[in-house]
Structures are given as C-alpha cells and as structure tokens.
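**Student:** Protein chains in written order, with the numbering used here: chain C, 165 to 410; chain E, 165 to 410; chain B, 165 to 410; chain L, 165 to 410.
Hints listed in this document are in silico derivations from the structure and should not be mistaken for laboratory results. All values reported here derive from a predicted model rather than from experimental measurement. Check before you lean on any hint, since a few could be wrong.
[As the list claims (entries may be wrong)] Quick list of the computed label-pair ranges, beta carbon to beta carbon: (1) B/PRO328 / C/ASP172: 52 to 62 Å; (2) B/LYS366 / L/ASN208: 45 to 55 Å; (3) L/LYS289 / B/PHE186: 35 to 45 Å.
[As the list claims (entries may be wrong)] Here are the computed lysine-lysine pairs in the DSBU-like style, where the Cα-Cα straight-line distance is at most 35 Å: (4) E/LYS318 / C/LYS370; (5) L/LYS289 / B/LYS318; (6) L/LYS366 / B/LYS206; (7) E/LYS238 / C/LYS174; (8) B/LYS206 / L/LYS218; (9) L/LYS363 / B/LYS201; (10) B/LYS238 / L/LYS196; (11) E/LYS238 / L/LYS238; (12) B/LYS238 / L/LYS307; (13) L/LYS370 / B/LYS370; (14) C/LYS238 / E/LYS299; (15) L/LYS196 / B/LYS381; (16) L/LYS318 / B/LYS366; (17) L/LYS196 / B/LYS307; (18) C/LYS231 / C/LYS289; (19) C/LYS218 / E/LYS201; (20) L/LYS307 / B/LYS307; (21) E/LYS231 / B/LYS238; (22) B/LYS370 / L/LYS307.
Virtual Cβ for every residue (Gly too), placed ideally from N, Cα, C.
Number of protein chains: 4
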Amino acid sequence: MDLFALYDGKYYIFSRDGKKKFIRGLGVIDTKRFMDKNEGEKINILGQDFIVLKPNIQDILSAMERKEQIVHFKDIGTIIYLSGIHAYSRVVEIGAGSGFLTLSLIYYSYPGTVYSYDISENVIKNLSEIINDWKLGGNWVGKVRDGREGIDEKNVDSIIVDIPDPWNVVSSAYESLRVNGTFIAYVPNITQVVLLKEKLLKENFKNIDVGEIIERKWVVGERESRPENTGIMHTSFIVSARKISD
Amino acid sequence: MDLFALYDGKYYIFSRDGKKKFIRGLGVIDTKRFMDKNEGEKINILGQDFIVLKPNIQDILSAMERKEQIVHFKDIGTIIYLSGIHAYSRVVEIGAGSGFLTLSLIYYSYPGTVYSYDISENVIKNLSEIINDWKLGGNWVGKVRDGREGIDEKNVDSIIVDIPDPWNVVSSAYESLRVNGTFIAYVPNITQVVLLKEKLLKENFKNIDVGEIIERKWVVGERESRPENTGIMHTSFIVSARKISD
Amino acid sequence: MDLFALYDGKYYIFSRDGKKKFIRGLGVIDTKRFMDKNEGEKINILGQDFIVLKPNIQDILSAMERKEQIVHFKDIGTIIYLSGIHAYSRVVEIGAGSGFLTLSLIYYSYPGTVYSYDISENVIKNLSEIINDWKLGGNWVGKVRDGREGIDEKNVDSIIVDIPDPWNVVSSAYESLRVNGTFIAYVPNITQVVLLKEKLLKENFKNIDVGEIIERKWVVGERESRPENTGIMHTSFIVSARKISD
Amino acid sequence: MDLFALYDGKYYIFSRDGKKKFIRGLGVIDTKRFMDKNEGEKINILGQDFIVLKPNIQDILSAMERKEQIVHFKDIGTIIYLSGIHAYSRVVEIGAGSGFLTLSLIYYSYPGTVYSYDISENVIKNLSEIINDWKLGGNWVGKVRDGREGIDEKNVDSIIVDIPDPWNVVSSAYESLRVNGTFIAYVPNITQVVLLKEKLLKENFKNIDVGEIIERKWVVGERESRPENTGIMHTSFIVSARKISD
C-alpha cells in the first residue's frame, strides 16, 4: 500500500500518479506537485495549507462518500476481530454495498486477497475506481455476481456477508471456508438473525454467536464530562460462526 | 506465523517443535505426534478426539490464562481499528499487563514489529515464553523498562498505553510517533480520562476522541430471543488521539 | 397506609398490631414495644440499635423475599410512568408472580384499588399475608383466577400483564379498560413482543410502544469514577398501548 | 384533579371553565361546548373529529411546550420511584426549569403538596398558569426564591433538585427532610456528580446511589424488529440519597 493523503482537518485521499484529477472538496489537482513530498511536509493550495500524510483505515473511510446504509465505524473493529482476518488472509465478501467494509477488509488482509461479490455492476465499478486510485492494494477481485448462487474460492479464511437474506449463502459459505474459518454476517433485524441462526445450525456451523455493539462517545472537560446526548443506538447485529470439521 | 491448535470445543495452542511439553488442560504432550498433521485432521489423545486447526486471534486469546485486569475482548477490535495498526505496522505498547493486547498487536501488525514496555520482569518473561512457544511471530521486543521515562523507538505508527497514569507517557509518545501516528489509551475511570485529555491537549495532540463500548450478547432461538440477562457493563474508556505535525 | 419499618442498614417491615410475630432476620418480635415510637427514634433489640422509620416503595421491595423472576427495580418507575397510575387509580394486574409489581401498584394507586389475577392459590395467599401485615392499604383484591378467561372489572385505568402469553389477554383487556386507559406488558423475549404487537394492532389498540431500560450504576469518587463493571443487561421489554375509542 | 383533554392523535389539554381561550394547535376555543361531554364522546371542530379524554401524566407532558433542557420522559419514572413520592407526599422542588418534573411531582403526590423554588419569576408565573388552567391540583406552591438560601418547609418526604450546583442545597435539604426522606438530584455531568457526592457524604446522607437510564425504543414487526437507529444516549445522571437520623 502506497497510501497518500492531504490533511487540513479532513483527509483527502488520492494517488500520486502524476496525472491531473478531480478531488471532491479540492477541485482539480495536478498530482505531479506531490511526487516528492514527505510525510509531515506542508503544501499550499490556493492559499490554504495542507499536510502530507499517510492515512490509516479510519481516515480512508472518512474520505469516502457517505451513503445511507453503511457498515458503521463502531462495528468494523468487532467484525475484523471476530473474522480473524489479518495479514495474508483470503477473504470473500458477499454484498459490497457502500464499500466501507470492502476497504476495511483490504486494509486488514493486506497483502492477502479480498474477493467481493455484488449483484450491482455499479457498486463493483465504483469500488474498483476507488481501490485503484487510492492504491489500497492489488489483490482485490470484484465480481458482478450473486454470491447466493455459489462461491468460486475454496479454503478461504473468512466470509463476510452483508445482504438482506444472509441465510441463502450459508451452504455455499460452508463449502468455501477452510477448517476453523469464520462466517460473519451484518444483520439489521433480530427477526433476520433468528432465521440465519436456524440455517447455520442446520448446516453444521459451530460457535454461533450474536451480539451488538453500542458505542458511547464522551464529551470530556475538567468541568463538563458526560456521554454525548444523542447518537447511534443501533446499526446491525453481528452474527459469527465457525466451520470446524469438513 | 505458523499457528497451530488442537480443538475439542476449547483451543489448545502450542508449537510443533518436536519436544515434549506440558499443556494446561492436556497434560504432557509429545509434539512429535502432530508434525505432519493437516488442518481438519483428527487426533486421539487418551481416548478423546481433537481436531488440528490454525487458530485466529480470538482462539489465541481464549487459550490464555485469564487474569483479573485484562483488555476485554469487546474492546480489542475497536482499539485495533482506532490505532490503524495492520500489516507491517511498528507499534509500541506501554504496559503489557495480561498480554491480551500484546498478542493482539502482534497478530494485527504481523509481519511488523511490536515493542512492549513493562516495569515487571515477570510480565515480560511470561509473555516471551508464550510468544515463542506459540510461534506468534519473530518481531516482538519485550523491554523491562518504564515507558514513562522515554521511548527508544522513533517514527512509530501507533503507541498503545495501558497504565494507571497514562498522562505521564504523553510527551514521550508525541516524540516517538510518526506524523498521523495514533495514541491509544485504555482507561478505567473517567476521572483519569479528564487528566489524560488535559495533557494531550497541552502536548498538541489532535482529534482527541473518548468512547466506550457496550457489547450486548444475544440469546437467539425461534421462541426465545433476548439479550443475555447479565453481562459486562463497563471495562475501560478508549481514548484516541493523533500527532499531526512535528 | 400506616407504614412502619425498623432500620439497621436493611429495612424490616411489619405492622405494629400489638402481636408477637416472626420477622425474617430479626426473630420473634413483640410489636407492643413499638406502639408509641416516633419516626427517628432508636430501639434496642438484643444489643443492636434500630431506627423507627416510615418506609417507601423502594424499602418495601427491598424487604421482600427475592425470587428469581421478578419485575426488576429499574423497570418499576417506567411501568408506573407509562401506566399513568397515581392516586385513586383502579388497576388490574394479570399475573402477580413475585409480588414486586403488585406492591408497587398498591403503593402508587393508593387510595385506589388493585385487582390481582393469578392462577396460583399460593401466590395470592402469600401476597395477601404480606399486604395485610405490612398495612399497605385495604383496597387490594386478590383473585385465584385465570385472567385470560375474562376480567370482571370494567372502566379500569390500567391493566398490567406479566404472563408468558400476554397476547391471550388482549381482547378482555380492551373490554375492561376505560377510554385512554393503558395496557402494559412486561415481556422477556422479543419474539413474544412480535406476537403481542400483532394482537394489539388487531384489537384496535393505539400508540403501541416497545422499549427496554438499561440502567447503569456508577461508582463515584474523587479519583475513581466509572460505571459498575458488571450488571443487569436485560430483564424484559416493556410494551405499552392505549385504548382510545369504544 | 379534573383532567380533561381533546385527542386527535395529539393531546390538547385545558380546563372546561366555560371561558373562551387560545389553545396552541387548535386556535380560540369556547370551552362551554365541552361542559357536558363524557369520556369517549366525539366532538367536531372545524370539520375535524376529536375525542374527549382524561389524560394521564404522559399525555400531560406531551402537551407541554418542549424546551431544550427538560427532564427527559425516560427519567421521570425512575425519579418518582427513587423519591418514594406517592399520594399525600409533601415534596420540595429546587429548580423548576421546564416544568416537566413539576407537573410529574404534582401528579404523583396528589392530593399532597408540591413546593417549587425557582429564581426566575417567569418560570414560576408560566407554571402557575398551566397548573391552574389544566386543573392539575390545588396544592402547588410556587416560590420565586433561591432554594440554596434555605428551605422553609420542614419534615418533607422528598427534595428534588435540578440546578447546576446541587451541592449548594445539600445542607438545607438535610434540615428540611423527614427521617428516611429522599434527596434526588438530576445532574448532566459526572464531574458535577463527584462534587455532589462529596458534599452528601459530608452532610451525613446515607445510601447514596448514582445511576443513569438508557432507554432503547424498538421498531417491532413480523419481519422487521430492531432497536431504533438513533436516539437519546444521555440526559443526566440521577443521584439519590437518604436522611436516616436527625
């Protein structure tokens, strides 16, 4: 990963490929200007100072266009933890949606490989552009395919599912996973969780676990310290399970 | 990482180095028996079947001795996410304590490097034995040193702090971090958080953020679906901050 | 209510009727001794000091025998608030169980009337003894009856339900309530809530509302201030609804 | 209480005193029209149907003008429960603010008495108008007075405090309470709670308890059942304490 960002309180992420390009919030930028800049150096664009930085996953996601249905920041760490994904992991994602999770999977499995299935050509095309331009890593394979109809990859470390009917990929997920591989689903409704768990039990998945993460942000000062007054109360339940035996 | 485990519902982790060794819960094991076993194969020990597996971070932590004051499972994902740690990261840990976080940092930064400072010789010695035997990775450096008196490493990606007076490492952490590097502290009391935030502001840290994670586990069945009745209500606040400019 | 208690850190509640009686935790007590004592006065029993007090609902519940399945303290205030019960209310309770809610209903509707239906003769008998001895109020009517088979009272202000199949009292509750009267159910599983809501909608109930209360207790001190580490994560969902038109 | 409301999905509360009056949301209403209407009867105003109802505390609060800093609905039940307030209680309120709590105290202590202290003449005047017009009860005494300078009433059952420096009424509250009387404060910041608790300990209050209520509202349907996505994460901590001995 050759990650690069400009920072002025917000993070602007793009590759230094020497081309002119349009960056949301900055306008058209000639990336030649930044070729030889080091981390920490300042750059002036139209009178404003930016710092050259190497962004991390939090910054990368903050630079993405926010759509309604995203995998929420508060859940990404837990999904990564439960999935067991780390360097060199081979991961299959069913339902790429907003791409928030896709980018996270690439970041954590690097230099491994992420295979993203989505039925929308548009979703895969947009993700492809971002991943290429932001130099997130070469080992991403986007597939305009319905993951419920089968998964090509075998012996994968983890399968991450974010579709409305996750129970419909349980069988093919089982076939695709390695022993001790993880199945993770991100599921908004408890009624969906009930159906999913039933199917996971039937297909011989083990260690099935259901949880949700409530994050409380705090305002902290010497005189005023309290949780923030309003916030996210619910996003999705996180369901995890293991394939133990063949 | 050449991770190896036996599984019978619980995970038993050790290296296949051909030596006899004592494994808690299994007794004395001659590891020669497992040298050529593949994932998914069964092994019989004194009449009981075990499956050979490659464990992930969740399994690794489950196999550790539980002491009272641990970094809780529910918080590890969030700490990893906020720290930005992934493959090749260089990480400094101040206060290794139970080792739960140390092992997680090694797992996620692999094949990077983790430097752990702890004032207890015993803590570092025990960790060293586990890390070596479990083949968690070669790039761990344990130091019987007081991190509050200075950090040798420079230009590190992240510094993770789990000591009672985190404000006392803020200055040396700032010096040690690279631009856009992350400072993360795990802090049980809000009164400590107030003191820490004051110091972070004074030392020019930016994007200071305080949160806590409440995890709700669910019991799920067709007829009975509800959150678990009792559980962990609080462990620690997670404080994160960035060094932006030199 | 002629409430009376002795206090030594715990509350011991009984009536001063001049009789000798056995009080759990105190042994046999001759209540003549307390006939003319005023609030705040001390009394010595076998070398230990007790203070004479007028207990409130929290103290009353603290003096009850704790059984497994109780309406939890944290939920009582919310149930009372949503029910609209206050002085002179006429209340029907279906399922008296541990009696925690029964005593609360008597306390808040006083000098109104509470009608408690329970299929267990034992439950009604035990409650009757406590209510009489503790002088909680004369307007309590216990019925060894199955509330699902019909409610005698009409034009009542509120009906409180704590049975495993609350949907089976919805029709008779509707008939029994006054206009703008409240239906409240205490329901452990979300799967039960789904069935109950369906039935409430069908029977023309309005303003159907489902919530749960998470209470976080805090440890507070100058140096250590934090939420308690473990606690109650879930008891029951509280479902409320209104009868609006006849 | 001669409570009266019109209902069309919202509650409009006013007294049927035979006068014409302006009702927010309805315009000018001649209350003579409603003198002889019974609960459940319909009334037509400018082509729209309204039902005549007797409102409860929830409806009463829903009809009040919402200002920013209110005692939140989710907390009222818990405050009432911890205070021990019920029929005939004598209650002192220090800081009437939005009036949400004042009206609740009147409702639950009815036919007792509530004494409200507030330094703002405007607050007391507005409350007086609402309480009189809505016929909430005759035993309310509003005082344009600083409760921190002393409380006239003695032997009261409960003192409820909602001001920025609750520690400054602790001494006079102790003098004013009866034995086993309750002190309740509604406190936004944990830093204020620390100061308050210190003062309560110093003034000999017992059974000091600090908690916060997190309410999760649920969306419930056969296919979609989940907690609401956003909501109130924090309002105030509720601090309760007892005066045990003189």
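**Student:** It remains to establish, for every hint, whether it holds in the given structure.
**Tutor:** Verification of the hints:
1. At roughly 60 Å, the beta-carbon separation of B/PRO328 and C/ASP172 lies within the given 52 to 62 Å, and the hint holds.
2. For B/LYS366 and L/ASN208, the hinted distance range of 45 to 55 Å is not satisfied, since their beta carbons lie about 28 Å from each other.
3. The hinted window of 35 to 45 Å between L/LYS289 and B/PHE186 is violated, with their beta carbons roughly 56 Å apart.
4. Proximity of E/LYS318 to C/LYS370 is assessed by CA-CA distance (about 44 Å); at most 35 Å being required, the pair is judged violated.
5. Note on L/LYS289 and B/LYS318: the hinted pairing is violated, with a Cα-Cα distance of about 40 Å set against a maximum of 35 Å.
6. The straight-line distance between the Cα atoms of L/LYS366 and B/LYS206 is roughly 22 Å, inside the 35 Å bound, and the hint therefore holds.
7. Restraint check: the Cα-Cα separation between E/LYS238 and C/LYS174 comes to about 29 Å, which is no more than 35 Å; the hinted pair holds.
8. Restraint check for B/LYS206 and L/LYS218: the C-alpha separation of about 46 Å exceeds 35 Å, so the hint is violated.
9. For the given pair, L/LYS363 sits about 31 Å from B/LYS201 by alpha-carbon distance, which is consistent with the 35 Å threshold.
10. Under the criterion of a C-alpha separation no larger than 35 Å, the hint pairing B/LYS238 with L/LYS196 is inconsistent with the structure, at around 44 Å.
11. Note on E/LYS238 and L/LYS238: the hinted pairing holds, with a Cα-Cα distance of about 27 Å set against a maximum of 35 Å.
12. The suggested pairing of B/LYS238 with L/LYS307 holds, with an alpha-carbon distance near 33 Å, which does not exceed 35 Å.
13. For the hint linking L/LYS370 to B/LYS370, the alpha-carbon distance of about 43 Å lies beyond 35 Å, and the restraint is violated.
14. For a cut-off of 35 Å, the pair hint linking C/LYS238 to E/LYS299 stands: about 31 Å separates their Cα positions.
15. For a cut-off of 35 Å, the pair hint linking L/LYS196 to B/LYS381 is broken: about 51 Å separates their Cα positions.
16. For the given pair, L/LYS318 sits about 53 Å from B/LYS366 by alpha-carbon distance, which is inconsistent with the 35 Å threshold.
17. For the hint linking L/LYS196 to B/LYS307, the alpha-carbon distance of about 44 Å lies beyond 35 Å, and the restraint is violated.
18. For the proposed pair C/LYS231 and C/LYS289, the alpha carbon gap of about 16 Å is at most 35 Å, so the pair holds.
19. At most 35 Å may separate the alpha-carbon atoms for a hinted pair to count; C/LYS218 and E/LYS201 exceed this at roughly 42 Å.
20. At roughly 47 Å between alpha-carbon atoms, L/LYS307 and B/LYS307 are farther apart than 35 Å, so this suggested pair is violated.
21. Of the pairs offered as hints, the one joining E/LYS231 and B/LYS238 holds, with about 31 Å between alpha carbons and a cut-off of 35 Å not exceeded.
22. Proposed proximity of B/LYS370 and L/LYS307 is contradicted: the alpha carbons are some 39 Å apart, above 35 Å.
Hint compliance for this structure: hints 2, 3, 4, 5, 8, 10, 13, 15, 16, 17, 19, 20 and 22 are not met, and every other hint is.
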